[in-house]
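*Asks:* Here's the letter readout for the chains.
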Amino acid sequence: MGTFILIVPAVIFMLLFFIYPFLYGLVLSFQPAQGDWLANYARFFADSHLWRTLNTTFNLALPVTIINVALALPIAFRMRHKSRHQRWVTTILVVPITLGTVLIAEGMLAYLGPKGWLSQALQFVHLYDGPIRLTHNYWGVLLSLVISGFPLAFLLILSYLTGIDPVLERAAATLGANSWNRFRHIYLPLLAPGLAITFCLAFVQAFSVFPSAVLVGAPAGSTRVISLAAYEAAFEQYDYPMASAVAMIMGLAQLAVVAAVLALRRGFYRGPVVGGKG
Amino acid sequence: MKWLERAWSGLLLGTMTLFVVNIGLMVAAVATNSFARRWLGTWLPEGYTANWYLAAWKEFQLGAVLWVTIEVVGAVVLLSILIGVPAAYVLARREFAGKKLVVLLFLLPLIIPPMTYGIPLATVMYQAHLAGTLGGVILANLIPAAPFVILVMTPFIEQIDTNLESAARVFGAGTGRMFLYVLGPLLAPGILAAGLLVLVRTIAMFELTFLTCGADSQTLVVALYYAVFAAGVRAPQSVDAMAIVYMAATLLWLLIALRFVNPTQLVSRVKEHPRPA
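If you're matching them up, the sequences are chains A and B in order.
For the first sequence, my numbering gives the first residue as 256, with consecutive numbering after it.
For the second sequence, my numbering gives the first residue as -1, with consecutive numbering after it.
A portion of the hints provided could be inaccurate.
Unchecked claim - Estimated spans, in silico, between C-beta atoms of each pair: (1) A:Ala376 - B:Lys98: 52 to 58 Å; (2) B:Val231 - A:Leu382: 31 to 37 Å; (3) B:Ala48 - A:Val380: 30 to 36 Å; (4) B:Gly61 - A:Gln378: 39 to 45 Å; (5) B:Glu3 - A:Leu423: 37 to 43 Å; (6) B:Ser7 - A:Glu491: 17 to 23 Å.
To be verified - The following residues of chain B were derived to be distant from chain A, with all beta-carbon distances above 12 Å: (7) Gly72; (8) Glu156; (9) Ala186.
Everything labelled a hint here was simulated from the structure, so no lab data went into it.
For each residue, glycine too, the CB sits at the ideal point set by N, CA and C.
Kindly produce the complete structure, drawing on both the sequences and the hints.
*Replies:* Set out below in structure tokens:
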């Protein structure tokens, strides 16, 4: 019994500062400033200024997630064998995680802006003479989410890939499978669960985009995402019940996508990822 | 089919280089601008100066902001280890009813993005008059940090031989002395790694700090957000100077962290992998 008490502080902390606020927000969202208990949710889906944010967020988060996973998978597959090479490349690819969304936004404004190096270079080689518009719109946010999200997708997929026993691949190679067939028939089925989780985590991260939607997007128009709507309700209108309702809708939308992906994954192989004797 | 494979790996290498080079140029653009005297539509600025760093230091009260950042990050690292490591010990060593539920409780804050639980959290904190204080910011940042320590440390503790603890018990050590003299030294590398990772993540944590901080409890990343947000008001060079200070602060610790940990651990460990002996 003695050591069991060691876990109590952590559990109490989580209950007090994570579970309690969440439940409080849930209850609060059903206590609108005016109207019946569902008024906040009804208002969200009636007001086009609000429900459109859900569309906007999906339009950003889904393409970003697909791009990130599709880019990360082949690169991670290439890097799956342990070498000094691998350590260096992962380190270089990790750095953008620590830049953080705010610094990436500032960098994009400087580098991709109308007088930045990219547009100067394009004009220099006469590839494209007009001003490039990659900031303060949809593409700016998309790009910043790819930059900040790709390393996470890459590292997750890489860590799943290195968990798959290379003996299985060598066995396939002995039987004459080329690298595409080894990927298609050995790695892909074993990787499916990891890929599903990577997709979910990458999606959830992209779905809650906030600073870059403001800094490199058009926060009043094409990149007015749902977390912005929640923030405005809480800190500009001081309507905490409405803000909680938006946060709950946001959580539910994420949950729906995660549930759909995990359900889809059930169609794939499940089993051990290591080869055994006999 | 040999040329097809060649072309494919060339394409991959090209994509990767394009990604890395462009990010490098992006950072270089910010760095160059932070030292630029005047830079309008040319390849390189007309002259260089370090004055923007002085300007940023004064305008954005960088000294105070840096001090708050150090306080917040230091407290979060210490507290998350203090409550996380003992909890990880229990998860690694004991079986109990409802263990799955407890693990889920620690996993949730790492799966749910901060923006989603941050808004209800900020609401509660405003009601409890915790928001806007240094303590509130620290508590908010502990929510993802403590579970992160627990998830990193649990597999680490699992691999330590239980006989060592039994031996300590036989010789009459209580839980406290066993932790101090037996487990502590064995766990030190793991704690160091977990602490460094929490440190890097907390410096970069924008959402939770942004939602719960007040005017005098901003960390560096939030101050940078406000500086970029109000870009028209300040000279862009001094905003960039601040961005470089922020990046230097993160990068320094990241490089230290990478000496001790594998980069794949920077992301929450979702699954355990068999390690080659």
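*Asks:* Run through the hints listed earlier and report the numbers of any the structure violates, in increasing order.
*Replies:* Of the numbered hints given earlier, those the structure breaks are 5 and 6, listed in rising order.
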